[in-house]
Amino acid sequence: MQTPVLEIEDLKTYFRVSNGTNKALDGISLTIREGETLGIVGRSGSGKSVLARSIMGLVRDPGYIAGGHIRFRGQELVGIDEQKLNALRGKDIALIVSSPRSRLNPLLTVGTQLENVVLSREGISRKAAHDRAVQLLTSVSIADPKRVASLLPQELSGGMCQRVVIAMALSHSPRLLLADEPTAGLDVTVQRQVLELMLKLVRDTGSALLLMTRDLGIVAHYCERVAVLMDGHIVEEQPVRNFFKHPQHPHSAYLLQVAFASHGESEVG
Amino acid sequence: MVPSFVNFARQHVALRWGLIIVVAWTLIALLAPVISPYSPTQPHPGEILLPPSAKYWFGTDKDGFDVFSRVIWAPRTDLGIAVTSTALSVLIGIPLGALAGYFGGRGGLLGLGSEWFMRAVDVSRAFPVFVFALVLVGVLGTSIPNVIIALTFANAPVFIWLTRSEVLSVREKPFVEAARCSGNSELQIAFLHVLPNSLASPLTQLSIVLGFSILLTAGLSFLGAGVRVPTPEWGLMVARGASTMIIGKWWTALFPGLALGIAVFGFALVGDGLRIYLDPRQRRQIEKSFQSDIENAPADVQPVATVADEVEASNRSRDLA
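Line by line, the protein sequences give chains U and Z. At position 56 of the first sequence (counting the first as 1) the number is 56 in this note's numbering, and the numbers step up by one without a gap. At position 194 of the second sequence (counting the first as 1) the number is 194 in this note's numbering, and the numbers step up by one without a gap.
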């Protein structure tokens, strides 16, 4: 039995709103082990992003974690102090989200930003960091890494930006990679490249992947297990194979039905 | 960035003239000892209130000073005070505004502190700058450092407010959160990622504040709370010239007044031009109208850059004919 990379127990993340409390996550329990890929599906507003933000410790006023535990390799993350969390964030736990361009500082070149990420962890020279940045860009299949490193985020396409963000996230071989709708807004061919890339790098480093998405097709192709999130509750958790054959919760059945209706015949065949 | 700014300045008439005025006054201030025919602080005994002539271009005032020499020397005082106090305002205002914006509205001790700080800034603005300067000068005596302190006190809040409001919006941008995700500390995020993205509007304000500072310096001297005779300073010259102006000796106040007006106008033009330059939508409009000017111009006065352009232009004029 492997040690779980991430163990979430009865996690409650609430938001104070004008007329009471919005229970974005209301008692979530999850476990993910090394080398595992877990897909979390659910429609908009079901709490996928809040889950990712809770794990990263990014929930801020008016949101708060009302209860439960998040354990990363046995270390409690709920109520951990900011400095210890900073030591984990970006190094051991990394987050990839949609709209990658907005995640990059518009005034710094892509290369500089990658260098900064590298430098924040390793005591090496600027020159060595630059070489490492170019090497990272190569590793995410960017054809002309030297030139791309000297460009600003606005000068890159969405797919390129997402690769840069992935390169950043993977620069320290995180033990846990959170991907929150990593392919939203990218066209289908780029989606595929980005996902394959992520998956390959996850496999190479043996880290765990938590993939949050609305797209059941992605889950079917890239995940081993799937959890269905609805209104802050996990209503079903299954291996992918069983899930598509025998969804157990009415909401899962509904999601599958909608997905196949919109994806057409090709997805079923 | 730099070549595109030069191009923009060429196209934008107001900015071009603003820059010319500002650069010209700066040069005059630097070269004053070379240009000015007489000493600005050495009176000419017996030659008081002479009208403009070949010997005294702008005439002499009631103390026998050469008005032209004093107008030439004055920007040293006025620009010197304005630049120093604006630089101090920026150095104080931008970091404080950044911190107040970054930690404001967050709760906790820092959030509370920054809210109180902003209220204190608001209160400081309740004192009219002239009254404040008069009090300061009354307590400490008239001197250039006191004028600089008074102006800094008046201008720093502008930069605090502007920086804070920009930081408040930039700190919520996704790339700031991304920086947090990759393990940056709060101060690193504040000064490396948030502040550089918040500088556009405070920097645009720079030139306007500079111009306004010149006006304030002159205003304070006019009221007797600024510099003293015989220091060459426009406001002081206008104040002393005003009394002789009513007996028909107009040159004593008119020339320093004109110089002051042109200088302030120049800085205002530069400030306005910078604002448009930094606003991509407005800039596009100017560049577009410039483009259409080129296209509508007759072929012989067209600013032709390359052979290809020339061929294209001649083709176009042939088409039109």
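For the record, the hints were derived by calculation from the structure and aren't laboratory data. Do not rely on the hints blindly, as some may be mistaken.
Computed Cβ-Cβ distance ranges for the label pairs, DEER-style [what the hints assert, rightly or not]: (1) U/S125 x Z/S289: 46 to 54 Å; (2) U/R16 x Z/F127: 35 to 43 Å; (3) U/T138 x Z/F191: 43 to 51 Å; (4) Z/P37 x U/R126: 17 to 25 Å; (5) Z/G105 x U/G27: 53 to 61 Å; (6) U/E9 x Z/A126: 50 to 58 Å; (7) Z/V131 x U/L152: 44 to 52 Å; (8) U/L152 x Z/W116: 20 to 28 Å; (9) U/V235 x Z/W116: 45 to 53 Å; (10) Z/A200 x U/V235: 43 to 51 Å; (11) U/F15 x Z/G80: 53 to 61 Å; (12) Z/V123 x U/F15: 31 to 39 Å; (13) Z/V13 x U/N22: 49 to 57 Å; (14) U/T31 x Z/A126: 55 to 63 Å.
All C-beta atoms in this analysis are idealised placements derived from N, C-alpha and C, irrespective of residue type, glycine included.
Verification of the hints:
no., hint, in the structure
1, U/S125 x Z/S289: 46 to 54 Å, "holds, 50 Å"
2, U/R16 x Z/F127: 35 to 43 Å, "holds, 39 Å"
3, U/T138 x Z/F191: 43 to 51 Å, "violated, 31 Å"
4, Z/P37 x U/R126: 17 to 25 Å, "violated, 56 Å"
5, Z/G105 x U/G27: 53 to 61 Å, "violated, 31 Å"
6, U/E9 x Z/A126: 50 to 58 Å, "holds, 55 Å"
7, Z/V131 x U/L152: 44 to 52 Å, "holds, 48 Å"
8, U/L152 x Z/W116: 20 to 28 Å, "violated, 38 Å"
9, U/V235 x Z/W116: 45 to 53 Å, "holds, 48 Å"
10, Z/A200 x U/V235: 43 to 51 Å, "holds, 48 Å"
11, U/F15 x Z/G80: 53 to 61 Å, "holds, 55 Å"
12, Z/V123 x U/F15: 31 to 39 Å, "holds, 35 Å"
13, Z/V13 x U/N22: 49 to 57 Å, "holds, 55 Å"
14, U/T31 x Z/A126: 55 to 63 Å, "holds, 60 Å"
Hint compliance for this structure: hints 3, 4, 5, 8 are broken, all remaining hints hold.
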